[in-house]
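First to last, the protein sequences are chains F and P.
Numbering-wise, my numbering puts 104 at position 93 of the first sequence, and it's gapless, one number per residue.
Numbering-wise, my numbering puts 159 at position 116 of the second sequence, and it's gapless, one number per residue.
Because the hints were derived from the structure by calculation, they are not lab data.
Backbone N, C-alpha and C define an ideal beta-carbon position, used for all residues, glycine too.
Wrong hints could be hidden among the right ones.
[What the hints assert, rightly or not] Chain P side only, calculated, beta carbon under 10 Å to chain F, not exhaustive:
1) T84
2) A86
3) T122
4) G434
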Amino acid sequence: MKVTGTVWTFPQDDIDTDQIRRAVYSHLPVSEQAKHCLESLDAGFAASAQPGDIIVGGCNFGCGSSRPAHAAVKALGIGAVLAESFGRLFFRNSISGGLLVVPCPGIVAFAGRGDRLEVDTAAGELRNVASGASLRFPPLAAFLNDMVELGGEKSYLKARLARDRELQRR
Amino acid sequence: MNGLHALHKILIEHAHPRPDSVAPGEFLEIEPDVFAVQVATNAEEVARLEADLAELGVGELPLRDRIFPFIDHGAPAPTAGIAAGQKRWRDFYRARGIAVADPGAGISHLIMTEQGIVLPGSVVALRDSHTPTMGAVGAFAASLAGGTLSLFALGRYWLDVPRVKLVRIEGRLRKGVFGRDVALHINGALGQRGALGSAVEFAGSFVRALGMDLRFTLCNMGTEIGAMASYVQPDDVTLRWVKDRAKRAFRVFDTDSGFEYDGVHEFDASTLDPQVAAPHAPDNVKPLAEVEGRHIDQAYLGSCASGRLEDIAAAAAVLKGRKVHSEVRFIVTPGSREVLKAATRLGYIDVLHEANAIVTSANCGACPGLHGGILAPGEVAIACNTRNFPGRMGPNAEIYLASPASVAASAIEGRIASPLKYLQ
Numbered sequence: 012m013k014v015t016g017t018v019w020t021f022p023q024d025d026i027d028t029d030q031i032r033r034a035v036y037s038h039l040p041v042s043e044q045a046k047h048c049l050e051s052l053d054a055g056f057a058a059s060a061q062p063g064d065i066i067v068g069g070c071n072f073g074c075g076s077s078r079p080a081h082a083a084v085k086a087l088g089i090g091a092v093l094a095e096s097f098g099r100l101f102f103r104n105s106i107s108g109g110l111l112v113v114p115c116p117g118i119v120a121f122a123g124r125g126d127r128l129e130v131d132t133a134a135g136e137l138r139n140v141a142s143g144a145s146l147r148f149p150p151l152a153a154f155l156n157d158m159v160e161l162g163g164e165k166s167y168l169k170a171r172l173a174r175d176r177e178l179q180r181r
Numbered sequence: 044m045n046g047l048h049a050l051h052k053i054l055i056e057h058a059h060p061r062p063d064s065v066a067p068g069e070f071l072e073i074e075p076d077v078f079a080v081q082v083a084t085n086a087e088e089v090a091r092l093e094a095d096l097a098e099l100g101v102g103e104l105p106l107r108d109r110i111f112p113f114i115d116h117g118a119p120a121p122t123a124g125i126a127a128g129q130k131r132w133r134d135f136y137r138a139r140g141i142a143v144a145d146p147g148a149g150i151s152h153l154i155m156t157e158q159g160i161v162l163p164g165s166v167v168a169l170r171d172s173h174t175p176t177m178g179a180v181g182a183f184a185a186s187l188a189g190g191t192l193s194l195f196a197l198g199r200y201w202l203d204v205p206r207v208k209l210v211r212i213e214g215r216l217r218k219g220v221f222g223r224d225v226a227l228h229i230n231g232a233l234g235q236r237g238a239l240g241s242a243v244e245f246a247g248s249f250v251r252a253l254g255m256d257l258r259f260t261l262c263n264m265g266t267e268i269g270a271m272a273s274y275v276q277p278d279d280v281t282l283r284w285v286k287d288r289a290k291r292a293f294r295v296f297d298t299d300s301g302f303e304y305d306g307v308h309e310f311d312a313s314t315l316d317p318q319v320a321a322p323h324a325p326d327n328v329k330p331l332a333e334v335e336g337r338h339i340d341q342a343y344l345g346s347c348a349s350g351r352l353e354d355i356a357a358a359a360a361v362l363k364g365r366k367v368h369s370e371v372r373f374i375v376t377p378g379s380r381e382v383l384k385a386a387t388r389l390g391y392i393d394v395l396h397e398a399n400a401i402v403t404s405a406n407c408g409a410c411p412g413l414h415g416g417i418l419a420p421g422e423v424a425i426a427c428n429t430r431n432f433p434g435r436m437g438p439n440a441e442i443y444l445a446s447p448a449s450v451a452a453s454a455i456e457g458r459i460a461s462p463l464k465y466l467q
């Protein structure tokens, strides 16, 4: 999967899901939740972020609660989240929701706010569009890559159930 | 791999297709024994789930008889918005003939184990980050995130096979020091990423000597070191606890003698003093003595970390014949109705009432900051919550995590205090 976008940096380690989207907003429609995305760390972020923008995060990005904070990020139109490492629950929720999340050790030192990045998840490489500098990362597991590329868990299941039903018919 | 861990054997037993062996990082398709689901607060989410199931052509839910809806966050409903969301979710389950726990039954992890639904050798999927708590009975209990729709539609979900770390704890506690102090200390020593992407097994003479309540507390902390699942090998203590509760047959799995752990961490409980995790991270752990005297506005006892009978007993022992400080709110939220009933029977709840503590019904309470003791900006709490991230119990408030006894001692003094002098 390939995406290109402009970087926002949240380089702190251990940003928990309640900082990505506070629990008190959890009953709101995701379009409303999106307006509060990461507000405690950067009050202007949600209003200024453009569809396709890329979030760069530190270690254990999205640690903490299993509440679906990724939905606020996705609803904002973010194209990818690249972090040193991820909290397991945020990572899985994101893949399931069709939000591209890629563990990229070294990304905090590599990317600055406003950089344009080109990311190729299958090749395991990203490139700074202006300078041409590149960073390699472990390619996303094919299973995860497929699920995100299809648009998330529902599309993946649709294909899977169609295949199962086809096999049953034979 | 030289031998398998019990957790790996549990996964193999539940995998489709069933592999002969497994390697860390590999994805398996797992059919869980228990799919525990929240009566959640978001109405849009249930509308989407219904639409998704219709689009996928799913009628009867394949796991229908293994679905256990509970309602513990923001329960009973504290706001009209949350009430509306919970109603939609209740209707969703009831329309499918699935019984929903009432909002006073307690916290999912406590209900699922106390009622013998999650058992040794079980795989449980539950969308709550503290699901590893249930590993204390020897189950594979990883938090569900992603995979919810798969479980509703297919009855299976995908899990990655974890590496397993071993935390071995020896020694006996000094007076005034409790199991939660050990959990906090380990959390501080290993850090929030200490077991990121791994499972963690707790073992050693200290763990063997613990009752189930504090084994749950230890396993609960696995979440705060980033672990996918926690595990205690079932022994006589486990089996005695499980025997009268089990709703079905279960199987205990053992770890092969040749299994190589991905790191072994040794701890000695006998040298510890009371601990706290200072704001704003569960691994910002130091001896309580370093923050003794810090003013507090609220003290809180509850949560899936420390809302069990032994926790309430420890607080009652400190408070017996004493009063909560007049400027402090001491809120006690038992983790389950079973805990509340036992604490009432044993007289602990009377002690708390006499001390002017605020005893609530059983649920997650103030821990997730949705109701039952939200903090005002600038306020300070000492709590035996699961975690103390920024804003957790209210924006711009501070949370110190401590043992139930330390929380009770601090409630008496209106400032952070050691429980030792109240336990003579």
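Item checked: Numbered hints the structure breaks, given as an ascending list -> Structure breaks no hint.
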